[in-house]
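> Fit the two chains together into the complex; they arrive one by one in their own frames, and the hints show the way.
Just so you know, the sequences run in chain order L and E.
Last residue of the first sequence? That's 343 in the working numbering, and every number before it is there in order.
Last residue of the second sequence? That's 1321 in the working numbering, and every number before it is there in order.
Because the hints were derived from the structure by calculation, they are not lab data.
It is possible that some hints are incorrect.
Claimed, not checked - Label pairs and their computed distance ranges (CB to CB): (1) E:Arg1215 <-> L:His197: 57 to 65 Å; (2) L:Asn326 <-> E:Lys1090: 40 to 48 Å; (3) E:Lys1294 <-> L:Gln325: 36 to 44 Å; (4) L:Ser217 <-> E:Asn1287: 38 to 46 Å.
Said to hold, decoys possible - Below, a list of computed lysine-lysine pairs in the BS3-like style, where the Cα atoms sit at most 25 Å apart: (5) E:Lys1300 <-> L:Lys200; (6) E:Lys1300 <-> L:Lys120; (7) E:Lys1282 <-> E:Lys1294; (8) L:Lys120 <-> L:Lys328; (9) L:Lys119 <-> E:Lys1300; (10) L:Lys301 <-> E:Lys1186; (11) L:Lys246 <-> L:Lys59; (12) L:Lys328 <-> E:Lys1318; (13) E:Lys1148 <-> E:Lys1090; (14) E:Lys1186 <-> L:Lys220; (15) E:Lys1265 <-> E:Lys1057; (16) L:Lys195 <-> E:Lys1294; (17) E:Lys1265 <-> E:Lys1238; (18) E:Lys1300 <-> L:Lys195; (19) E:Lys1300 <-> L:Lys328; (20) L:Lys172 <-> L:Lys98; (21) L:Lys246 <-> E:Lys1294; (22) E:Lys1057 <-> E:Lys1021; (23) E:Lys1218 <-> E:Lys1282.
In this text the structure is predicted, and so the values were computed from the model without any measurement.
Note that CB positions come from ideal geometry on N, CA and C, so glycine has one too.
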Amino acid sequence: MIYRKLGTTGEDVSAIGLGGWHLGDKDVDEQTAIRIIRTAIDGGINFLDNSWDYYDGLCEILMGKALRDGYRQKAFVMTKIDGRTKKEAARQLDDSLRRLHVDCIDLVQHHEIIRFEDPDRVFNEGANEALIDARYAGKIRYIGFTGHKDPHIHLYMLEMAKNHGFKFDTAQMPLNLMDAHFRSFSKIVVPVLVNEGIAILGMKPMANGIILKSNTVTPVECLHYALNLPTSVVITGIDRMEFLEQAFEAVRSFHPLSSDELNRLLSKTASAAAYGEYEPFKTTTIFDSTAQNIKWLGEEPQEIQELVQK
Amino acid sequence: MRVKIKRRQTIDRREFLKIAATASILANIPHNLYAQIKKDIPRRPLGSTVENVSALGIGGYHIGTKRLDEQESIKIIRSAIDNGINFLDNCWDYNDGQSEIRMGKALKDGYRQRAFLMTKIDGRTKESAAHQIDESLRRLETDHVDLMQFHEVIRLEDPDRIFAEKGAAEAMLEAKQAGKIRYIGFTGHKDPMVHLRMLDIAEKHNFKFDTVQMPLNVMDAHFRSFEQEVLPRLVKNNIGVLGMKSMGGGIILESKTIRPAECLHYAMNLPASVVITGIDSMKILDQDINAGQTFQPLNKDDVANLLERTAKAAANGKYELFKTSDNFDSTAHNPKWLG
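Bound conformation, chain E alone (with noise of 0.2 Å):
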């Protein structure tokens, strides 16, 4: 809880600082003007890195599938960008490469420079990672990611094929090396049990990723808990954390138990860097940004309050299918992608 606490004071000194030095004003701040800068969607440093990144990110899969045409995704990103959110999220295998190609059109005009980038790869071979990592930065036009992640740990023996003697660990760093990502971490959805082994392979081999990015939800705090089991570490080790699935991929809401900012609160009112939230259109997005700013930290009876009402739903998992079923697995129906 302490943690918590220092963590947030932290934030707010850093976006006061960063306001003023915007404003130029440089000493005797008024009050008033303090309170309207909590009105921005928080910014929050990134783990241990030097970045800081806006308390919501822009999921990237959503931009790129049929029910949206180019230009909606386009008018998407970069209202959002405009709006405060700077943490864009993507993946190697989203839509066959559309998400890529559309955000790296997004990102032109200026934009890129006001984004951090993260993307993600399927391989776990060496020369299956080196060559998604290159057709990541192709479609997204860049000459390099802010962040690139190992996608889909979400079985026991990833983390070992990640780490093996030319396994796709090595392709990331040889990337990092060459200037192509700046930052390396690891998302997946299935058990918190997964991340633990990936953190510990990692050690072992004497790695610290930068970020770790997994389900973090209403349902999740009752069930097979990252938020229980995994979240605590990567505080200790100050490792950026990434919430996803606020909402379940939108099943949570089928439970009729909670409503969509309130998912989104309480993503936020956890110790994560950034809640990357899926966004098909800009009333999707108007909602997501208010949620945003009109976010204040939860006090422990509200929490309480959320977690009463969706402990009955939550308790067989029956609304995270990506934890239960393999519906979200797409490399477990495309094993190719692995390498």
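Extracted from the complex, chain L is given alone in its bound form (with noise of 0.2 Å):
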């Protein structure tokens, strides 16, 4: 396994990590989910992935079962919650943590800021002052941020957080053979990343496996070109052991890809990318799940609401 810096943290993590999505899916039972797991685990992989609001909770009681054992020892755990008020994100948090099993989590990134006022609301409505007394809590190590839509709002939130004497530990984007080509993550944000030392979470290297679909590149190819990225961690969706075992095969023959290699495998996919339709969550909103689900991001605080009503 290749193990990497994350940001200016001082933690090494596994450069392919664990994607807890997946685990929830109704193919999968618990004991195939708690095996993938501890098997990603005994195979190097310590950077495990998930979220408040996969599969209801499921994905995170998976996990915490699978963490038993002196497992959880072994594993760098990050979890996201949706809620952008102060209220809503402490009580996610703690659902997390009793689904987790655990006393600490080591990350905890701000989910789906995938709107032009997530930023402002994180900072405004007080989900980011949650985790940051959580922090202080030692409920949680280090706090980052996700997103999947356009590498616009991920300078937003960066900007926001700066304007509040804020770094962020860790950011989390879509990094892959298509986003080079078409609204890029990798273009706009990964930079100013690199620059300021905040650790680059890759996701979605084959977009759920719809960039396969476009029939231009292979799965070794998608991991190879994301590891290749300047990123502490690619994120990788993993819901049977043949996957794994790709994931362990493209770090196994992976090599710093030479420019002759890069230019190769980007002008494979350059003419299906150009639209973003092997790209759908920055282009529709089926992956929205806070779109569909707008609870989750918490009622507006009381003060916002007066304003509006008066």
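So this is what it looks like as structure tokens:
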């Protein structure tokens, strides 16, 4: 396994991370989910991804079970919360701690920063304050954010943090062979993060398999491309043991790409990527779970509601 | 700056000609009559269309709230038209259709012919958009609206969805072909970047909007500014500019830095064809008509003074909650309206 620095935190994390969402799929029974998680950890994957809103909490519960018997100590556990208000964020964080069966989560991220008002809400309505309080209380160690919609929204979030004198430890985003060509996180956000020493968590290396449907690149090529960026970890969904083996194989065969190799990969996807057809999380609402469940974001605080009703 | 001046001259000439024709005065109009003309609410050209619209328009949302009874709503709309406001705003999703139903009633007895009627739809798919267009026409009791706009273009995927295959744009174009709508525009209140994205995607599809609606107010000038980032492009491309939220839904007044008439005058001073404003009583209507009739182009110092007074309050968007919260995002609270 390749291990990389997590930004300026001093942590070392595996270059491949296990995505939490797929563990809740109905085709994955509890035993299989636990086996995937433990086998991943045994094979050197220490970065585990999850979210408060995945499958009504099932993914966190499954991960909590897998982390017993000494596995917790071997893992760097990340989860995410949707709440934008202080109250809702704190409530969700406590749910997550309970379901994961841990006293402390290594990294908690603001989930689905996909709307232009999300950065305002996180900083004006108290969600970030809730995470800072939780860090002070020892419930979490690091704070980050994630989103999949548009690079400019990530830039807003970074700017808003800066205006509040806050520095995120991590930022998560889609990094894949299509993204390189269309509304590109790798071109617009990655350089800023590198410059500021914020750890880069890549996700959607194959966009939930959708990129493979373009018949332009292989799974291992997708993973190599994401590993070749200045990512601390590339999070990938694994719902079968064979996909876990594929991820290990991608790490074993990875070497930094020469510019020729990189250009060859990019030229394969250029025309398929041009309109975002294989990155529907940018161009549709299908991946926006908080758009379909707006109550997960929490009610706007009273002082804002009053201002509106006056 | 030059564009603005040129435009104002055009407006004055058009007003002048229109009144001249009405009064059957064909030549030698005395100067004092010209001065009097200025007291009407100005009419302005609507982008590159052949239409002239009043520089103030009635917002449709307030017309349909429960706070007003139907008779009052109808009275407000008709009085506005009688006093020279011909631009009417509405939306398929306002007050469960009440806003459109009441406006439809007000537009009977010959008022429809005197009004430039706009409404909006939320649907992003062809099917939902077509359904909403027909429903709006039915409620407004008219066979066509003058302008139909895509409502709440506030998310970066909205332009993609609207212009996708089987997207809402196809329904709009078919409705235009069928004579149900005359012009097409869009509106949003979230961020200038979303408007620019919408214009970019439209261009890629070889489509030119007739109008674009957005918040234009003294706070906007300081924060994520539609005025600075979107307005110049619209002026350059001669797309009709519809200003809204000149008082931020009343919230800007809570800052205690500016008065209602100043808010309206600031917005009217921009190169907007019309400034749409919510009117929920005859008293407010009178105030707004007065603001419209007393409007004089602001000089540089007036503008600088208004901007200076509001700069601090505007800095983090606290009084423009439509940008920084989801309170104004009706389609976020009702995603099914998007189809």
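> With reference to the structure, classify each hint as holding or not holding.
Structure-based check of each hint:
1. E:Arg1215 <-> L:His197: 57 to 65 Å: About 31 Å separates the Cβ atoms of arginine 1215 of chain E and histidine 197 of chain L, which means 57 to 65 Å is violated.
2. L:Asn326 <-> E:Lys1090: 40 to 48 Å: This hint holds: roughly 43 Å between Cβ atoms.
3. E:Lys1294 <-> L:Gln325: 36 to 44 Å: holds, 39 Å
4. L:Ser217 <-> E:Asn1287: 38 to 46 Å: holds, 43 Å
5. E:Lys1300 <-> L:Lys200: Within the cut-off at roughly 23 Å; holds.
6. E:Lys1300 <-> L:Lys120: Measuring from Cα to Cα gives roughly 20 Å; hence the hint holds.
7. E:Lys1282 <-> E:Lys1294: Roughly 20 Å separates the two Cα atoms, so the pair holds.
8. L:Lys120 <-> L:Lys328: holds, 13 Å
9. L:Lys119 <-> E:Lys1300: holds, 18 Å
10. L:Lys301 <-> E:Lys1186: Holds, at roughly 23 Å.
11. L:Lys246 <-> L:Lys59: holds, 22 Å
12. L:Lys328 <-> E:Lys1318: Distance ~15 Å between lysine 328 of chain L and lysine 1318 of chain E Cα, so the pair holds.
13. E:Lys1148 <-> E:Lys1090: Roughly 35 Å separates the two Cα atoms, so the pair is violated.
14. E:Lys1186 <-> L:Lys220: Holds - the C-alpha atoms of lysine 220 of chain L and lysine 1186 of chain E are around 22 Å apart, at most 25 Å.
15. E:Lys1265 <-> E:Lys1057: holds, 12 Å
16. L:Lys195 <-> E:Lys1294: holds, 19 Å
17. E:Lys1265 <-> E:Lys1238: holds, 21 Å
18. E:Lys1300 <-> L:Lys195: This hinted pair holds, its Cα atoms lying about 18 Å apart.
19. E:Lys1300 <-> L:Lys328: holds, 22 Å
20. L:Lys172 <-> L:Lys98: holds, 19 Å
21. L:Lys246 <-> E:Lys1294: violated, 52 Å
22. E:Lys1057 <-> E:Lys1021: Measuring from Cα to Cα gives roughly 23 Å; hence the hint holds.
23. E:Lys1218 <-> E:Lys1282: holds, 22 Å
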